[in-house]
Amino acid sequence: MRLNAFLSSCGVASRRKSEVIILSGRVQVNGKIVLAPFFDVEPDKDTITLDHKKLTLSEHVYYVINKPTGYVCAASDKYDPVVIDLIPDKEKRIYPVGRLDRESEGLLILTNDGNFTQSILHPSKEIRKEYEALLNVPINEKQLARWKKGFELQEGRISAPISINVMKKDPANQWISIVIVEGLKREIRLMAKQAGFNVQKLIRRKIGKMKLEKLNSGEFVNLSFSELYTKIFNGGIV
176 MRLNAFLSSC
186 GVASRRKSEV
196 IILSGRVQVN
206 GKIVLAPFFD
216 VEPDKDTITL
226 DHKKLTLSEH
236 VYYVINKPTG
246 YVCAASDKYD
256 PVVIDLIPDK
266 EKRIYPVGRL
276 DRESEGLLIL
286 TNDGNFTQSI
296 LHPSKEIRKE
306 YEALLNVPIN
316 EKQLARWKKG
326 FELQEGRISA
336 PISINVMKKD
346 PANQWISIVI
356 VEGLKREIRL
366 MAKQAGFNVQ
376 KLIRRKIGKM
386 KLEKLNSGEF
396 VNLSFSELYT
406 KIFNGGIV
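Start counting at 1 in the sequence shown, then tack on 175, and there's your number in the working numbering.
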């Protein structure tokens, strides 16, 4: 197992953040500092420490939460409450899978399973996410057609939704349903701005085929790996 994957599986942090921790010199393997995130380790044979504390593989846990607004998708934050605070099982050192910005709400997965996180986040998996967005003013067909073509949010790269449709919901022509795959930081809000709109409310309704219907804001459910996998890839509601 690669060292960054081991740290992630221990619930230390995501793989990307684990790489930063390793490069900072805080991790030792058999008493020696290792600065290579992809260094191969054998968890059943090697002694691996973080800040001189031994790490062991954690029992994996999986939560699905209806994230409320006002919470940051992080394990800790100096200024704002974090989604981890909504889960009582803090000793498992869980972290959010992907992100919803502070003012966004809806479907979010929290786990300590780094391999699962990687399988969900990697672009090659093409896991679609569906959102409902309330725009500040009504959108017309011409504006909708322009949005479908996408916008250059990063230099040389066009970001376009998989689909975007006006919802039959009040206020009329201000609610849209939008599906994306990549999930760049604040992608929908940035696309809306390029299209001439502000997003007043943003709700993630689906991850893969798993749909948010039952959970109230701030509520969560604890699922097994097989239950979560089935809901994401085969369909299910929470």
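There may be inaccurate statements among the hints.
As the list claims (entries may be wrong) - In silico DMTMM-like links for lysine to aspartate or glutamate, alpha-carbon gap of 25 Å or less:
#1 317 with 301
#2 389 with 330
#3 300 with 316
#4 220 with 234
#5 229 with 217
#6 386 with 276
#7 344 with 327
#8 343 with 327
#9 300 with 402
#10 343 with 330
#11 384 with 394
#12 207 with 226
#13 344 with 330
Stated by the list, open to error - Derived Cβ-Cβ restraints for the label pairs, each shown as a range:
#14 386 with 257: 23 to 29 Å
#15 214 with 402: 50 to 56 Å
#16 192 with 222: 18 to 24 Å
#17 316 with 231: 30 to 36 Å
#18 200 with 253: 22 to 28 Å
#19 337 with 192: 16 to 22 Å
#20 343 with 371: 20 to 26 Å
#21 343 with 402: 56 to 62 Å
Think of the hints as simulated: they come from the structure by calculation, not from any bench. We put the beta carbon where it would ideally sit given N, CA and C, even for glycine.
*Check each numbered hint against the structure and report the violated ones by number, ascending.*
Those not satisfied are hints 1, 2, 3, 7, 8, 10, 13, 15, 17, 19, 21.
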